[in-house]
Amino acid sequence: MTTEHSDASLSAPPSNDDYLLGTEAYTDEERIAVLAKLEGYLGAQSGRLLGYQVNLSLDGHAALGRFLGYHINNIGDPFVDSNYSLHSRWLERAVLEHYARLWHVPLPVDPARPEQRDGWGYVLSMGSTEGNLYAMWNARDYLDGNALVRDEVAGAASCRTSYLRAEDPGNPNAYAPVAFFSQETHYSHIKAMRVLDIPTFYDLGGSLYPGECPIDLTGTGTQTYNGWPLGGVPTTGGDEGPGTVDVDALVALVDFFAAKGHPVLVNFNVGSVFKGAYDDVEGACERLRPVFERHGLVDRPVRFDPDDPERVSVRNGYWIHVDGALGGAYAPYLEKARDTGLIGSAPPVFDFRIPEVSSIVTSGHKYPGAPVPTGIYMSRAGSKLRPPSDPAVVSSPDSTFAGSRSGFASLAMWNHLAQFSEEQQVRQAAEVLRIAEYTADRLRNLSTLLEERGEPWAENGIEVGHGDHALSVWFQQPRAEITRKYSLACVPLNLGGRRHDYSHVYVMPHVTQDLIDELLDDLSRPGAFDRSADQDAERPPLPGQRAGTGTSATG
Numbered sequence: 015m016t017t018e019h020s021d022a023s024l025s026a027p028p029s030n031d032d033y034l035l036g037t038e039a040y041t042d043e044e045r046i047a048v049l050a051k052l053e054g055y056l057g058a059q060s061g062r063l064l065g066y067q068v069n070l071s072l073d074g075h076a077a078l079g080r081f082l083g084y085h086i087n088n089i090g091d092p093f094v095d096s097n098y099s100l101h102s103r104w105l106e107r108a109v110l111e112h113y114a115r116l117w118h119v120p121l122p123v124d125p126a127r128p129e130q131r132d133g134w135g136y137v138l139s140m141g142s143t144e145g146n147l148y149a150m151w152n153a154r155d156y157l158d159g160n161a162l163v164r165d166e167v168a169g170a171a172s173c174r175t176s177y178l179r180a181e182d183p184g185n186p187n188a189y190a191p192v193a194f195f196s197q198e199t200h201y202s203h204i205k206a207m208r209v210l211d212i213p214t215f216y217d218l219g220g221s222l223y224p225g226e227c228p229i230d231l232t233g234t235g236t237q238t239y240n241g242w243p244l245g246g247v248p249t250t251g252g253d254e255g256p257g258t259v260d261v262d263a264l265v266a267l268v269d270f271f272a273a274k275g276h277p278v279l280v281n282f283n284v285g286s287v288f289k290g291a292y293d294d295v296e297g298a299c300e301r302l303r304p305v306f307e308r309h310g311l312v313d314r315p316v317r318f319d320p321d322d323p324e325r326v327s328v329r330n331g332y333w334i335h336v337d338g339a340l341g342g343a344y345a346p347y348l349e350k351a352r353d354t355g356l357i358g359s360a361p362p363v364f365d366f367r368i369p370e371v372s373s374i375v376t377s378g379h380k381y382p383g384a385p386v387p388t389g390i391y392m393s394r395a396g397s398k399l400r401p402p403s404d405p406a407v408v409s410s411p412d413s414t415f416a417g418s419r420s421g422f423a424s425l426a427m428w429n430h431l432a433q434f435s436e437e438q439q440v441r442q443a444a445e446v447l448r449i450a451e452y453t454a455d456r457l458r459n460l461s462t463l464l465e466e467r468g469e470p471w472a473e474n475g476i477e478v479g480h481g482d483h484a485l486s487v488w489f490q491q492p493r494a495e496i497t498r499k500y501s502l503a504c505v506p507l508n509l510g511g512r513r514h515d516y517s518h519v520y521v522m523p524h525v526t527q528d529l530i531d532e533l534l535d536d537l538s539r540p541g542a543f544d545r546s547a548d549q550d551a552e553r554p555p556l557p558g559q560r561a562g563t564g565t566s567a568t569g
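In our numbering, the protein residues as written are 15 to 569.
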C-alpha cells in the first residue's frame, strides 16, 4: 500500500517533545496538527517497509473506524458468553473455525466436555509472544502433573495459587519438564521459559551433566555451556544452512533427557524469524515417536490431585508446540497451491494431522494482515489447562492468558478473512512466494555483478540466502541509508568462517515486484555496501530520500 504525503509532513520525523502531556489540554488544532505529523511519518515509512513480517495491505480496515466508539471486550472463554455484553465473540469463533479448518482439527461442540481429538483456542490480544507464553504455561502444567480442565477436582485443590507438581517416588524427574528448541527460535520462547521457570536442555545439561552432551559440536563454532550448545538445538548447516532444526541432534538430545525420566517440551518453527525456515515437524515426530514409547512417555498415569493421590489421569509425557507466527497462516495455502498445480512443492506438514502436535500459534498482524498486534492460539481441548479461577462476576471461565481481551482484534481478523475467498488466498500465497524467489534470483545476479565490478566491501560477491518456500531472503547488510529507507532488519551471522552483518527482506502481501526492483536499483549503486562511510553526513542521498534523514520523500 502506497500513500502520498506532502513534503511538509516529511520535514522531520516526530519527536518526544511533539507529544508531551502537561497540565493544560491541547487545543483541537494543536492535537490535530501533531497527529497529522505522526500520520505523515507512518505513511512515508510504510511505503517501503521490507524487513519485517507485517502485512501492510490494510485498505479494507478503514471501515472499522465506526467501532472505535465502543469498548469491545472479549473477556473470558471465547466459547462461553459472559455477562459483559459489548463483545465480538461471534466473530472470534468464526476466525477460530477458519484456522481449525486450515490446521485440521474440529472445534468442540460442547466446551464443557471436550474430546481429546477436538481443538480449543482464542484470538490473542498480543502477537504470538502471548500465544507462545500460553502454550508453555499449558505445557508445563500438563507435563508436571497439574490438573487439567478435564480432571475433576474440588475444594482447596481447585483454587490453590501455589505452584504444585505431582510426585513419583520411583522417578524424581517424572514431572520436571525440559524444553527443546532450535537456535533459530524466536526470543519470546526464552522469555516464556524464564517467566515460567522451565529449564532448557542446555541449562539442565550444563548444570547437572557437564561434558555429557550426546551430540558432537567439534568444529562447529557453537558457543557452549559445559559442552552443551547455548541458544538451542543446532540447525542444519549452521548459519550457512536454511535454518531448519537438525533432527538428528534433536532426537539425540531428547533421548538423553527422556532416558533420565524427564518429560519433554519441544518447539518447532514454521517460518522462523530471520530465515523464514520450516522445521520438518512431521518427519521429526516420526523420529521422536519411538523415543517417547521407549521411555514410557506415552499414556503415562499422572496423580494430579494432591488431596487424593489415588486419582489418576492418563496423559503423555511430551508436548509438541509449533510456533507458526509467520508460516502457520500461509503454509496451508501453499499446500493447496501445490495441490492445484500453481506451485511445484509445499512446506512440510506441521498441523494437527500429526498426532503428537499439541498446540499451534500464528500472528494475525504478520501474513494475514491486521492493524493491531494479534494472533491465534490453538491446542487440543483435552489437554487444556485448568484456569486458576472461575470468576462469577464475568460468568465466563478465565481460560485465556489475558483477563480483558481485545474484541477489536477479533473484529479486525474477521474483517480481513471475510474479504478473501479460499481461491484468492491460495493465489496470493503462490504470488508472494513467486516474488520471494524473484528477489533471491535478482540478489544472486547482483552478487555476481558486484564481484565483477571488484568492489572491496563485496569481496566474493555478497552472500544470499533463501530457503525452500521461505518468504525471507537474506543478504550482506548494506550501508545505513538503505537499511533505514527500507526498514531492513539486521543480524550478525558466521558464514564461511567470517562474521558479517546481514539484512533480510520479507516478501509480504503488500510487497510488489516494483518495490523489489527499487531496492535492487539502490543496492546496485557503487558503494551501496560500503558501511565504512555510514557516518559520512556528506554522502549524497539515495533517490527518493532526504539528505541525512534516511526517510523516503514519498510513500
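Hints were generated in silico from the structure; no laboratory data involved. Heads up, the beta-carbon is just placed ideally off N, CA and C, and yes, glycines get one too. Accuracy of the hints is not assured; some may be wrong.
DEER-style ranges, computed between Cβ atoms [to be verified]:
#1 Glu-254 x Tyr-33: 41 to 51 Å
#2 Asp-482 x Ala-108: 24 to 34 Å
#3 Gly-468 x Ala-273: 52 to 62 Å
#4 Val-386 x Thr-232: 23 to 33 Å
#5 Glu-296 x Leu-52: 39 to 49 Å
#6 Gly-417 x Glu-254: 16 to 26 Å
#7 Leu-52 x Pro-228: 49 to 59 Å
#8 Arg-539 x Ser-71: 51 to 61 Å
#9 Val-48 x Phe-81: 21 to 31 Å
(request) Please test the hint of 16 to 26 Å on the beta carbon pair from Gly-417 and Glu-254. (result) Cβ of Gly-417 to Cβ of Glu-254: about 45 Å, so the range 16 to 26 Å is violated.
(message) The hint says 39 to 49 Å between Glu-296 and Leu-52; measuring C-beta to C-beta, is that right?
(response) holds, 46 Å
(message) For the hint 49 to 59 Å, verify it against the beta carbon of Leu-52 and that of Pro-228.
(response) holds, 53 Å
(request) State, for the Cβ atoms of Val-386 and Thr-232, whether the hinted interval 23 to 33 Å holds or is violated. (result) Taking Cβ atoms as reference, Val-386 and Thr-232 lie about 47 Å apart, which means the hint is violated.
(message) Given a hint of 21 to 31 Å, does the C-beta separation of Val-48 and Phe-81 actually sit inside it?
(response) Cβ of Val-48 to Cβ of Phe-81: about 25 Å, so the range 21 to 31 Å holds.
(request) Check the following: the C-beta atoms of Gly-468 and Ala-273 are separated by a distance inside 52 to 62 Å. (result) holds, 56 Å
(message) A range of 24 to 34 Å was offered for this pair. Does it hold for the Cβ distance of Asp-482 and Ala-108?
(response) Cβ of Asp-482 to Cβ of Ala-108: about 33 Å, so the range 24 to 34 Å holds.
(message) Quick check on a hinted range of 51 to 61 Å for Arg-539 and Ser-71, using CB atoms only.
(response) Violated: the Cβ-Cβ distance is about 29 Å, outside 51 to 61 Å.
(message) Holds or violated: the 41 to 51 Å window for the beta-carbon distance between Glu-254 and Tyr-33?
(response) For Tyr-33 against Glu-254, whose Cβ atoms are near 45 Å apart, the range 41 to 51 Å holds.
Hint check: violations occur at hints 4, 6, 8; the rest are consistent with the structure.
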